[in-house]
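As you go down the protein sequences, you meet chains A and B in turn.
So the first sequence is numbered by the numbering used here: it starts at 1 and just counts up by one.
So the second sequence is numbered by the numbering used here: it starts at 1 and just counts up by one.
Heads up, a few of these hints could be off.
Claimed, not checked - Just the calculated beta-carbon pair ranges, DEER-fashion:
| no. | chain 1 | residue 1 | chain 2 | residue 2 | range |
| --- | --- | --- | --- | --- | --- |
| 1 | A | Met84 | B | Val95 | 28 to 34 Å |
| 2 | B | Gly82 | A | Ile140 | 30 to 36 Å |
| 3 | A | Asp5 | B | Ala166 | 22 to 28 Å |
| 4 | B | Gly136 | A | Thr87 | 21 to 27 Å |
| 5 | B | Leu22 | A | Gly249 | 45 to 51 Å |
| 6 | B | Gly82 | A | His246 | 58 to 64 Å |
| 7 | B | Val16 | A | Thr87 | 42 to 48 Å |
| 8 | B | Met191 | A | Arg151 | 50 to 56 Å |
| 9 | A | Thr27 | B | Asp139 | 22 to 28 Å |
To be verified - From the structure, some residues in chain B lie toward chain A, with a derived Cβ separation under 8 Å:
| no. | residue |
| --- | --- |
| 10 | Ala27 |
| 11 | Ala56 |
| 12 | Asn154 |
| 13 | His204 |
| 14 | Arg217 |
In short, the hints are calculated from the structure, not lab data.
Note that beta-carbon positions come from the ideal geometry of N, C-alpha and C, so glycine has one too.
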Amino acid sequence: MIGLDFIFLLLGLLFAAVAALTVRDRTNPRRFTSALFWALFAVSFLAGKWLGDIANGCIAVTLALIAGFGGLGRGAPDTTGEAMRETEARKIGGWLFLPALMIPAVALLGSLVLKGVMIGGHSLVDLKQVTFVSLAFGVILALAVAVPLLRARPVEPVVEARRLVETIGWAALLPQMLAALGVVFAGAGIGRMVGDLASQYLPLGTPFAAACAYTIGMASFTIVMGNAFAAFPVMTAGIGLPLLVHKFGADPAVVGAIGMLSGFCGTLVTPMAANFNLVPPALLGLPRYAVIRVQAPTAVAMLIVNTALLYLLAFHK
Amino acid sequence: MWPLLGIAVLVVGFAVRLNPLLVVAAAGTAGMLAWHDPIYTLAAFGKAFNDNRLVASVWLVLPVIGLLERYGLQAEARRLVGRMQQATAGRLLLVYLVYRQLTAAVGLIAAGGPAQMVRPLIAPMAEAAAEGQAPGTTDKTRALVRAHAAAADNIGAFFGEDIFIAMSSIVLIKGFLDSVGYLVPPLRLSMWAIPTAVAALLVHGARLLWLDRRINRAAREPAAEAET
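Please work from the sequences and hints to get the whole structure.
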C-alpha cells in the first residue's frame, strides 16, 4: 500500500540531496552547519518513525538552535540568468506551463481515481492519504515530462530545488514546528483555561453579546494557536453551545459553520499559521509580515461580516 | 495558569522578530516546563514534531517548479500577460480569487497554493500586469502586488473550502456537533458557509480593484507613494 512512508521517503531523499549539494558548496559561508540542518531534516523523514520521541525531540531542538543562531547560510545560486531565461522561454513557449499544471491536474485526478484501485484485495493507496500520494505522483509525472521537454540534465531538478530551499530557509521547517507547538499547548491544557477565562469574565447577557464573544473568541484563540481547528472545540464548548444554542436557541449548524469561518479570519493575521502567512513571503522575497499586512483589512471586515451573519441567521427558528 | 507563560513567550518573541524557530522552541519549553520535567517536555515536542511531518509535503513540488523557473517559466507567464491588453494586476488577481474560491468549493484545494501556483505563475503575471497598466512601477509597488497575490490565494481557499461537504473543517464541525448530540447533515453546514463566501468575494474583490487605483496613483505620483 502506498501511503505516508512513500511521501516521507521522497521528502527524505530530496532533503538528503540538498544537504549533499550544500556541504560541497564553497560559496556558502556556513556550509557545514547548513548541510547539518538539511541532513537532520532528511533523517527526520527517513527514520523519524523508528527514532523514538526523545531522539525526534533532539532533532527538533537542534534544528531550532542551528537556525536560531544563524547557522543557516546561502550559497551563490547555480542557475540561469534572466537573459537566458527569456531566450529559453521564447524557444519553448507555452509548453512550459504543461508540467506546472500537471501537478494539480494529476493530484485532482488521482484523488478521484486512485481510491478505487485494488491490487490483490488491498487498495493500492492509503485511502486516508490519497490527496498527498496523488500530489507526489503529480510531481513525479511532471518531472518525467519536463526533463525531456526541456532537454534538462537529470541533476537539474535537484540543483534547482536546493536553490528554492535556500530561498525559503528556516521557514521550510516552521509549519511543522508550529503544528507541533499547537499540540504541546493543547496537551498543557491551555485551551480549557482560555475557554474558562472567556466564559467567566465576558459580558454575555444578550444574544448579540454572546455572538460577538463567540466569533471574536474564535478569531483570537485561532491567532494564538495558529489553527482554527484547535480553537473550534474549545470556543464552541465554552461559549457556542452553552450560551448561543442552549440559552438563546441558536441553530447549531449556523453556529458551527460561521464559528469556523470566524476562526479563519484569525488564521489570516497570525504568524503562527506559518504555512499560509510566513512561507509565502519567504517564497516571494518579501518582508516577513508583508502578507499578513495585506490580509489584515479583509480579515477584520470578514470578522464583522461573520458576526452580523451569525446574529442574523442563527436565530431563524 | 503557568502554561499561559508559553503564549506570552510566543507573542513577545514574534513581536520583537526573533527567529521564529527559536521562539517556538522557547514557547514550547515554557508551556510544558510548568507541569512536567525536561525529558517529558522534549519527548512530547519530538512526538508532535514527528506526527506533523506531513505538513512538509508541499516541498515535494520544488524540483519541478525550480526546473521550470530555470527554463523561463516566470518569463513566459509575464509574456502571456503582456499580450492581454485589458489585464491589470487587480483584475487578474480578482479572476484568480474567483478561481480559487470555486475550485476550493468543489474540494480541489490542490489547485492553488504558494509554491505551485503563486510563486511560479500568479505573482509574475500580476507584476507584469502592474507594469503594463502603469509603466515605471516601483519595486515597492511590485512587492505589494506580490503580497496581494499570496493573500488572494489564502483568502480564496479559506472562504471557499467550507462549501465542500467532505472538507476536513466540515468533518471536524460535524464530528464535534455529533459528539454533543446535535446530528447536523454536512450539507447544512456547507450551505451556511455560502453567505460568508459571497461576502468575502465582495470585500476582497473590492480591495483588489482598489489596488489597481493605488498602483496607478503610485506610478503617477512617486513622491506620494514614498510617504505611505
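Here is how each hint holds up against the structure:
In this structure the supplied range 28 to 34 Å holds for Met84 of chain A paired with Val95 of chain B, their Cβ-Cβ distance being about 31 Å. For the pair Gly82 of chain B and Ile140 of chain A, the supplied restraint of 30 to 36 Å holds, since their beta-carbon distance comes to about 33 Å. Between Asp5 of chain A and Ala166 of chain B the Cβ separation comes to about 25 Å, which falls inside the hinted range of 22 to 28 Å. In this structure the supplied range 21 to 27 Å holds for Gly136 of chain B paired with Thr87 of chain A, their Cβ-Cβ distance being about 26 Å.
For the hinted restraint 45 to 51 Å between Leu22 of chain B and Gly249 of chain A, the CB-CB distance of approximately 48 Å keeps it satisfied. Between Gly82 of chain B and His246 of chain A the beta carbons are some 59 Å apart, a value that agrees with the proposed interval 58 to 64 Å. Remark: the range hint 42 to 48 Å for Val16 of chain B to Thr87 of chain A is upheld by a beta-carbon distance near 46 Å. The hinted window of 50 to 56 Å between Met191 of chain B and Arg151 of chain A holds, with their beta carbons roughly 51 Å apart.
Take Thr27 of chain A and Asp139 of chain B: their Cβ atoms lie about 25 Å apart, and the range 22 to 28 Å holds. With a cut of 8 Å, the hint placing Ala27 of chain B at the interface with chain A holds, because the nearest CB-to-CB distance is about 6 Å. At about 6 Å, the closest approach between the beta carbon of Ala56 of chain B and any beta carbon in chain A falls short of 8 Å, and the interface hint on this residue holds. With 8 Å as the threshold, the beta carbon of Asn154 of chain B comes within range of chain A, its nearest partner Cβ sitting at about 5 Å, so the hint holds.
A cut of 8 Å between beta carbons decides the hint on His204 of chain B: the least distance to chain A is about 5 Å, and the hint holds. Of the supplied interface hints, the one on Arg217 of chain B is violated, with its beta-carbon coming no nearer than about 17 Å to a beta-carbon of chain A, more than 8 Å.
In summary, the one numbered hint that this structure violates is 14.
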